[in-house]
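Top to bottom, those sequences are chains A and B. Be aware that the first sequence starts at 2, since it is given in the numbering used here, and climbs by one per residue. Be aware that the second sequence starts at 1255, since it is given in the numbering used here, and climbs by one per residue.
Keep in mind that the hints are not guaranteed to be accurate.
[Claimed, not checked] Okay, derived cross-link-like pairs now, EDC-like style, lysine to aspartate or glutamate, Cα gap no bigger than 20 Å in a straight line:
hint, chain 1, residue 1, chain 2, residue 2
1, B, 1446, B, 1377
2, B, 1366, B, 1377
3, A, 124, A, 65
4, B, 1486, A, 179
5, B, 1258, B, 1377
6, B, 1486, A, 65
Since the hints were made in silico from the structure, they are not lab data. Since this is a predicted model, take the numbers as computed values, not measurements.
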Amino acid sequence: MDATASQLTQTHEHDEQFQTPPGDLAIWFFILAELLAFAVFFSAYAFARANDVALFNEMQQEVDRNLGALNTVFLITASWCVARAVHAVTRLGQNRIASHWLLGGIFCGAGFLVVKMFEYSAKFGAGISLSTNTFWMFYLSLTFFHFMHVILGMVILCVLWVQTRKGGYGPKNANGLESGAAYWHMVDLVWIVLFPLVYVMR
Amino acid sequence: MQYKSQAVAKPYFIAAIGLFVGQILFGLIMGLQYVVGDFLFPAIPFNIARMVHTNLLIVWLLFGFMGSSYYLVPEETETELWSPKLAIALFWIFLVAGALTIVGYLSLPYAKLAELTGNDLLETMGREFLEQPLITKVGIVVVALAFLFNITMTTLKGRKTSIVLVLLLGLWGLAVMFLFSFYNPHNLVLDKFYWWWVVHLWVEGVWELILGALLAFVLIKVTGVDREVIEKWLYVIITLTLITGIIGTGHHYFWIGAPEYWQWWGSIFSALEPIPFFAMTIFAFNMVNRRRRDHPNRAATLWALGTGVMSFLGAGVWGFLHTLAPVNYYTHGTQITAAHGHMSFYGAYAMVVLCVISYAMPVLRGRAANSNKAQVMEMWSFWLMTVSMVFITLFLTAAGVLQVWLQRYSDTPMPFMQAQDQISLFYWMREGAGVFFLIGLIIYIVSFFIKGETRAQAA
């Protein structure tokens, strides 16, 4: 390879680092499909609410906003931890540090699940079910669908944690880590829309 | 052919095509009965023709899936089939049992058939698509399990690729979900609820995994694209399929007495079912564009692209048309359902089986690809059948829209039979398109007998 060609390749690589999203194209396709699923769910919620605003406003009084806010903090913190983990690998090349950050992320995710289960047990204890009314149908469906995504996200974080413990990534080899991190941020992002929509906005 | 035992696929493919012809003939009979009500009455009443039409479809697709698996699994696992003899024995058992069942449908009153085949021991008959006598159902289970045993044992002793694992998951799912056909509670709501576990979770669940695996296999072969790339997309597609498809079952629970939340769950998740099909379309075209070799079998590539497009249109777009509960409230069980059923079965499952046959048959007959002349003929049949199917779907859609308008949506709804009279023109046009489909199918069969020079290289 002559000098110009090698220079061209380098420039190309340099460009690629900034132009293409981090992680694998397949995970982005998957993330977009997931976001679309939630978008459809949110639209259905908006549509149903518009048909019966009074019911939704009344029922929302019974939703525990404080626990919702606490969970928001958990998820944002988890996302921050995961972002630090990616930084530790791609900028510093430190798998060890990344694994600590990932562990922090996993703990925050677990915190979210525990809080959510307290919320669910309170609601089920009050006799609320999918058939109670449209609001509770959406509350339970949306949060549970998201709940399952948190679990999947945590499984992914655990895999990443194991990989970083083995020193599996490097600045040039962070595709898997970045893909998993992107998925986790999606889970977080969905909650940031879901929380105000279902818990706060009246 | 890399492995001798792959040859057992051949009789399966031939039987599949033979039964396909039967399916189309009964489709034409029934299509005519829509407009000439007493055609062939009392020899073949409409309900019998319909049952034979749909049952033959299922059986020929099962033959196609089994044949495809027998061809694919040895090549993917890089080992001979665990037992080719078992595969051949099962072929004859399944063919004879299937033929006897069809003869039973045609020669006996259905109630008599039920009585003779022990339906009073365990009542499973009389439900749409699951009309088979008890002994046939048991036979299907036995054949399916022995088949699964054979290919699972083959996989266990060989290389385990993602394609084979996805295929096995789909085939095991197919067998397991079929077990719900033996569960027939007296409560009609419960009956319908679990009936869909067979019907929906087959065609919008596990069969899609089979479709994905077969398509991925052919794409690897004809494009030479890296297995890693193809398998990654396969995983994305099957994950999307399972998420949307399983919860999407809810779109059948709108009006059968299931809880109301299914109207939301069913609408939302089934509205997303086109996504995996769309991914499959992109996947097929993307892989063909990135091909690393020009495989001499251009017909197989055409089928692969065709199934990508037609499954998206038939299952994805036409499914979406009437999947939202407020729409389905009016369209449920009209000709719109028939339009969707025709294009989705053809686009997704018939075409993928024909795709595998198109790729594998020349190899089974000792050449990489058929002669140019034979391929051109096969491609003509592709276009004739596919375009005919597009027209069948469009005419049925028009019939369905008119039917909904006259019979359901109107302020002064028309009785069913009166509405049927109003849409008979579309039924005639559908029948015409059906005749062209049959011509396409005949040309397809003729293409197997076209000689001409073949390219020497073996696959």
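Status of each hint after checking the structure:
At most 20 Å may separate the alpha-carbon atoms for a hinted pair to count; residue 1446 of chain B and residue 1377 of chain B meet this at roughly 14 Å. Restraint check for residue 1366 of chain B and residue 1377 of chain B: the C-alpha separation of about 14 Å stays at or below 20 Å, so the hint holds. For the suggested pair residue 124 of chain A and residue 65 of chain A, the alpha carbons sit about 10 Å apart, so the restraint of at most 20 Å is met. For the proposed pair residue 1486 of chain B and residue 179 of chain A, the alpha carbon gap of about 16 Å is at most 20 Å, so the pair holds.
Proposed proximity of residue 1258 of chain B and residue 1377 of chain B is contradicted: the alpha carbons are some 43 Å apart, above 20 Å. Note on residue 1486 of chain B and residue 65 of chain A: the hinted pairing is violated, with a Cα-Cα distance of about 41 Å set against a maximum of 20 Å.
When each numbered hint is compared with the structure, violations occur for hints 5, 6.
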